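**Student:** Those protein sequences? They're chains A and B, same order as listed.
Going by UniProt numbering, the first residue of the first sequence is number 1, and it counts up by one from there.
Going by UniProt numbering, the first residue of the second sequence is number 1, and it counts up by one from there.
It is worth saying that the hints were derived from the structure and are not from the lab.
For clarity, every value in this text was computed on a predicted model and none was experimentally measured.
Virtual Cβ for every residue (Gly too), placed ideally from N, Cα, C.
Warning: the hint list may mix true and false statements.
[As the list claims (entries may be wrong)] Taking CB as the label site, the calculated pair distances span: (1) G119/A - T95/B: 54 to 62 Å; (2) R116/A - A82/B: 43 to 51 Å; (3) R49/B - R116/A: 27 to 35 Å; (4) L21/A - D47/B: 20 to 28 Å; (5) S137/B - L21/A: 13 to 21 Å; (6) P78/B - D47/A: 27 to 35 Å; (7) T95/A - G92/B: 52 to 60 Å; (8) T95/A - S37/B: 27 to 35 Å; (9) V75/B - D134/A: 18 to 26 Å.
Protein chains: 2
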Amino acid sequence: MASKPAPDNTADDQADQAELLGLVGYNLRRAYLVIQSQFDERMEKHDLRQAEFSVLSIVKNNPGINQKALAEALVVAPPNLATLLDRLEARGLLTRQRNPDDKRAQLVELTAQGTRLCGRALKAAAEADDAAVDRLSTAEREQLKMLLRKIFVD
Amino acid sequence: MASKPAPDNTADDQADQAELLGLVGYNLRRAYLVIQSQFDERMEKHDLRQAEFSVLSIVKNNPGINQKALAEALVVAPPNLATLLDRLEARGLLTRQRNPDDKRAQLVELTAQGTRLCGRALKAAAEADDAAVDRLSTAEREQLKMLLRKIFVD
DNA sequence: TATTGTTATACTCTATAACTATA
DNA sequence: TATAGTTATAGAGTATAACAATA
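Build out the structure end to end from the sequences listed, making use of the hints.
**Tutor:** As structure tokens, this is what we get:
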């Protein structure tokens, strides 16, 4: 296991991280940082953050979804979703309408502009994904998604 | 308390997330949230956050490491590492000493107390890991770590 | 001049309590 | 009373600029 006999760290050689690398969680975090940075880089031109892109995608595929279901799907706390939606609504990307059958609830839908932006953003997200996993074969990418999905169920 | 109280969906069915689930990054984030919450839960009794545990582990296995190498290994910005170390040092878990050969640098080492805490915390971290990946076989866990490591190189 | 580490600061993310309006 | 959503706020996490001491 030890490739360096001398325990002298006065110079800055690479630190031994074997202990942390034995944990799935640490590997997960490190990989997440890479994908996140690829994502942010490519999503900057669309002025979309990760949570915002996720909102657009879910709303596009679930038109008329209410905020409670949206918050649950995205694992975002309702107060934070409210401010997220404020921003997206102010940009004209989506609308909130009171549900006539339950006036407490809001029905969320994308505008035409929101739908267009979501389409472009999805392409950028897929490119970020590809860039981050470029050392993985197609089979490995599917395997990885399958293993990850087993962790968070769904 | 269990995480899922009841299948209460009166009218709102589960949102369709297929588009997002096609992205490795989204699966990565969702899995990361699960492991993070397992970790935080078990690390609370040690009053350690993830970054703090990582610092202890790296320092334990690289005694006398300087802050630059530590910051690089953990992908933490130097100013943030400084405040992280302030806290751990104030708790008596580690020491910072000027390097006599380069008085700009600090040599970081765990105290006996820090070493003991790191040992206990590692057990807790491994338990959090196990709990999060309990649906994965041993082979799948190794496969997952291997795939993740291909993403962040090292 | 360059590097190590620090201080100060700001911005994002996340979490919680308290409120409103409906039910 | 309970639920959907909002407001306000506080706490982490993260990023950058400016600085001091040393090389």
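**Student:** It remains to establish, for every hint, whether it holds in the given structure.
**Tutor:** Going down the list of hints, with the structure as the test:
no., hint, in the structure
1, G119/A - T95/B: 54 to 62 Å, "holds, 55 Å"
2, R116/A - A82/B: 43 to 51 Å, "holds, 45 Å"
3, R49/B - R116/A: 27 to 35 Å, "violated, 41 Å"
4, L21/A - D47/B: 20 to 28 Å, "holds, 24 Å"
5, S137/B - L21/A: 13 to 21 Å, "holds, 20 Å"
6, P78/B - D47/A: 27 to 35 Å, "holds, 29 Å"
7, T95/A - G92/B: 52 to 60 Å, "holds, 56 Å"
8, T95/A - S37/B: 27 to 35 Å, "holds, 33 Å"
9, V75/B - D134/A: 18 to 26 Å, "holds, 20 Å"
Checked against the numbered hints above, the structure violates only hint 3.
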